[in-house]
Amino acid sequence: MRRLYFFFAIALLACSHKTADQQLIDAADPAASWMATLQLTGEKWLDNSVPSSFVRATIGAAQKAFDKTSGTIAQSQARKELRDEIKRELETARAAAGDLQQAIEKNDRRTATGAVRRFAEASAALQRLQQQKNRE
Amino acid sequence: MKKALTLALGILTSVGGFFDVGNIATCTQAGARFRFQLIWAMLLATIVVIFLVEMSGRFAAVTGKALPDAIREHFGFGFWLVPFVILTLIHILVIAAEIGGMSFALHLVTGLPLPLFALPSAILVWLFLWRSTFSAIENSTSFLGLITLCFVAAAVWLRPPIHEVLRGSLPSMPSGSAANYWYIAVSIVGAVIAPFLFYFFSSGAVEVGWDRSYIPVNRAVAVIGMGFGSVISIAAIIVAGAVLAPRGIRVDDFHQAALMLTQAFPHWGFALFAVSMGVACFGAAVEVALSTSYTFAQTFGWNWGEDLDPAEDARFTLVYTVSLFVGSLFVLVGFDPLKLTLLTMFISAAVLPFVAAPMLLLMNDRMLLRDASNGIISNIAAALIVVMTLVLAVVSIPLAVMGGS
Amino acid sequence: MSRSVHVELLVGRRVRDANDRVVGRIQAIHVRRRGHDYFVDEYQIGPAALLKTLGISAVRLVGLPSWREPLRIPWQKLDLSDPEHPRLNCAREELERT
Amino acid sequence: MPEELEIIRDLLDKQLVDREETKMGRADGIVLALDGDGPPRIDRLELGFVVLARRMHPKVEKWFEALRRRWSVRKSARQMVPWSKVLDITPKHIQLDVNALETPAFDWERWLRDHIVTKIPGANGE
Chain A
0 MRRLYFFFAI ALLACSHKTA DQQLIDAADP AASWMATLQL TGEKWLDNSV
50 PSSFVRATIG AAQKAFDKTS GTIAQSQARK ELRDEIKREL ETARAAAGDL
100 QQAIEKNDRR TATGAVRRFA EASAALQRLQ QQKNRE
Chain B
0 MKKALTLALG ILTSVGGFFD VGNIATCTQA GARFRFQLIW AMLLATIVVI
50 FLVEMSGRFA AVTGKALPDA IREHFGFGFW LVPFVILTLI HILVIAAEIG
100 GMSFALHLVT GLPLPLFALP SAILVWLFLW RSTFSAIENS TSFLGLITLC
150 FVAAAVWLRP PIHEVLRGSL PSMPSGSAAN YWYIAVSIVG AVIAPFLFYF
200 FSSGAVEVGW DRSYIPVNRA VAVIGMGFGS VISIAAIIVA GAVLAPRGIR
250 VDDFHQAALM LTQAFPHWGF ALFAVSMGVA CFGAAVEVAL STSYTFAQTF
300 GWNWGEDLDP AEDARFTLVY TVSLFVGSLF VLVGFDPLKL TLLTMFISAA
350 VLPFVAAPML LLMNDRMLLR DASNGIISNI AAALIVVMTL VLAVVSIPLA
400 VMGGS
Chain C
0 MSRSVHVELL VGRRVRDAND RVVGRIQAIH VRRRGHDYFV DEYQIGPAAL
50 LKTLGISAVR LVGLPSWREP LRIPWQKLDL SDPEHPRLNC AREELERT
Chain D
0 MPEELEIIRD LLDKQLVDRE ETKMGRADGI VLALDGDGPP RIDRLELGFV
50 VLARRMHPKV EKWFEALRRR WSVRKSARQM VPWSKVLDIT PKHIQLDVNA
100 LETPAFDWER WLRDHIVTKI PGANGE
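Chains as they are written, first to last, in numbering that gives the first Met the number 0: chain A, 0 to 135; chain B, 0 to 404; chain C, 0 to 97; chain D, 0 to 125.
The hints are simulated quantities; they were obtained by calculation from the structure and are not laboratory data.
C-beta: ideal position from N, C-alpha, C; glycine also.
Treat the hints with care, since some could be wrong.
Per label pair, the in silico range of CB-to-CB distance [to be verified]:
1) D:LEU86 / B:LEU383: 36 to 46 Å
2) D:LEU100 / B:VAL386: 24 to 34 Å
3) B:VAL386 / D:MET55: 22 to 32 Å
4) B:GLY208 / D:ASP113: 28 to 38 Å
5) B:LEU145 / D:ILE115: 34 to 44 Å
6) C:ASN18 / D:GLY37: 23 to 33 Å
7) D:GLU19 / B:ILE379: 16 to 26 Å
8) D:ARG68 / B:GLY374: 51 to 61 Å
9) D:LYS118 / B:ASP210: 34 to 44 Å
10) C:ASP81 / D:MET55: 18 to 28 Å
11) D:LEU66 / B:HIS266: 56 to 66 Å
With the sequences and hints as input, model every part of the structure.
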């Protein structure tokens, strides 16, 4: 029986120091999902498939999720570089959301296209973090 | 001829009652998070619900009594009290979730804030119940429900990889996070095997006056009706799996699911999703509100029946009026419709034993059913169902804590 | 002095015999018709009686050997002066012999 | 009327209907009379929330009683139906020789109908 406890202790230890980073990446998962949602929403707006009111409502909901994630970053004990990287992606997404908001009010398709591209990059970056974590 | 008409109506009823806010929420989450891996959960739930719906219809046809009526009379008020209280809470929560679904659909179409539509949705359902007879209700809600076929059309149009869909139809271990996988699987089952379904179905059978000769019709209605509703739900899983999963979009909010039809139907996709959701939730809200009144009326022995004018059964009318109003308060206060729906589906899964067990006991009562009581197959199925619901109930609480993130 | 007993409160009450030992719970009350009125014939105690009342034969549902026959108490043997505590006016064994 | 019955299975909690088979509540309670040294006789049926409340728990009954005194519509808490009023006993219901609308069982129904339901258009299906 003793070996079992030994094995169990090692397993706990192994994942505990990584837990902070892992937890932060998992916590950022909804934000990545919302970035992908805004990307799709922007694309569909450009295809005239969705009304502006829907885009506005989706941006609102996304911003709430971004705020929640930035709150989690503030309290997280994960590695500094990791926290900064996620914060950077969040800022990109937040700015892009603001631009998309203006773009749909002024029907400015060029800015909207730019915003959609930035959503794509930000969500791709966070998804890469997720894949790296899964491979470790 | 009358039987053929009843068969058609019965099937339509099951379509109307089957696909609702619970299915939309759980199927889009399952597809978005695990692509086609959870189709088996929907298939399993459908088989179980077909058995349970067939039994409740057969019981009503043979004894002329609906389930709440029979359970109270047979096991006594003390025994019935606990399931009755639980069922009432579930009824209120499901009404709230359905009104949440309707309000979200109206929010999509108009862009106005969601809580604004809580009372209007409840009043719309109330007006429909107040003025219609049972059969009028059933035909129209189900007919409207056919619009949800757009999910099937979208699933076919997207041409998902068949081998992957088939592999998903067999139970499998999760690739992603296990807790979330089983959390969604349990909520899928909770959404399909909704407790009100049997109580409503048996009351409906009494309303339209089924008798022993309707047992074959009842079986056909259960199989085709539930099967039909299940096809639409599986289509929703496939569409979410094909459109949302590759983009890494999780469904934490209904807004994230609202675009899933736009890939197949660029111009109509958005409107189709809104109308489908609105109509499906409206049909379900009508049925759940009615089911609440049936359960109360049969428990206390009041005159009941939607065919009576409101003046003739004031208490029956009062029950669905109050439950619709109380249900709408949840949405008015600002509960998020998706979280409210998932919570409701979870509690439904957790209380299934309380609801299924009394029914299965009844189905074995030779005195009441004589030769129509459960055969060996139904009994084995019944025993498996009770065990499954117990496992679900036990497993759902820890899962909600771990998997619910 | 005519007293009355509420059946709905009698259901499931534990019955004690003359030696204060618990005999079982009241699960069924059989009555027989004379004219328009019905008069109690016997009471039945125990799990088998409960199952019979619920119309389920244990054999059929679960496949267990059905419990032994319910204990039957002729009406005159049960003292209902205190409905909260029904008492047999004889020992338990006496009942089982008949 | 059947020769033999089992009170709990065949009578208690049974659906009650009047002469025209209008549903009028359930046999929430059954009272046996212990008169003289003969066997107990079924004396009457009882209906009403108070009867049900007492079956749940004496405390619930007191709470119901207080509630009822303050603003209840019903004149008497529990309605008693003498056994002589029983017309027929079938597996589906117990038929009573009464007119449901006049019985206290319908106090609530009448009150709701007169005060709320009929005030709303379309109540009588016109």
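**Q.** Outcome for the supplied range 22 to 32 Å, where the beta carbon pair is B:VAL386 and D:MET55
**A.** About 30 Å separates the Cβ atoms of B:VAL386 and D:MET55, which means 22 to 32 Å holds.
Q) Does the Cβ pair D:LEU86, B:LEU383 satisfy 36 to 46 Å? A) holds (45 Å)
Q: Could you say whether the range 23 to 33 Å given as a hint is met by the Cβ separation of C:ASN18 and D:GLY37?
A: holds (27 Å)
Q) Is the distance from the Cβ of B:LEU145 to the Cβ of D:ILE115 consistent with 34 to 44 Å? A) Given range 34 to 44 Å: holds, Cβ gap about 36 Å.
Q: Starting from the hint 16 to 26 Å, judge whether the C-beta atoms of D:GLU19 and B:ILE379 obey it.
A: violated (44 Å)
Q) Does 56 to 66 Å hold as the CB distance between D:LEU66 and B:HIS266, or does it fail? A) For D:LEU66 and B:HIS266 the Cβ distance comes to about 58 Å; the hint holds.
(Q) Between the beta carbons of C:ASP81 and D:MET55, is the distance compatible with 18 to 28 Å? (A) holds (21 Å)
Q | Range agreement (Cβ of D:ASP113 with Cβ of B:GLY208, hint 28 to 38 Å) | A | Since the Cβ atoms of B:GLY208 and D:ASP113 sit about 31 Å apart, the hinted range of 28 to 38 Å holds.
Q | Satisfaction of the hinted span 24 to 34 Å by the C-beta atoms belonging to D:LEU100 and B:VAL386 | A | violated (48 Å)
Q | Range hint 34 to 44 Å (beta carbons of D:LYS118 and B:ASP210) holds or violated | A | Because 39 Å falls inside the window, the suggested range holds.
Q) Measuring from beta carbon to beta carbon, are D:ARG68 and B:GLY374 in 51 to 61 Å? A) 53 Å Cβ-Cβ, so the 51 to 61 Å window holds.
Hints 2 and 7 from the earlier list are contradicted by this structure; the remaining hints agree with it.
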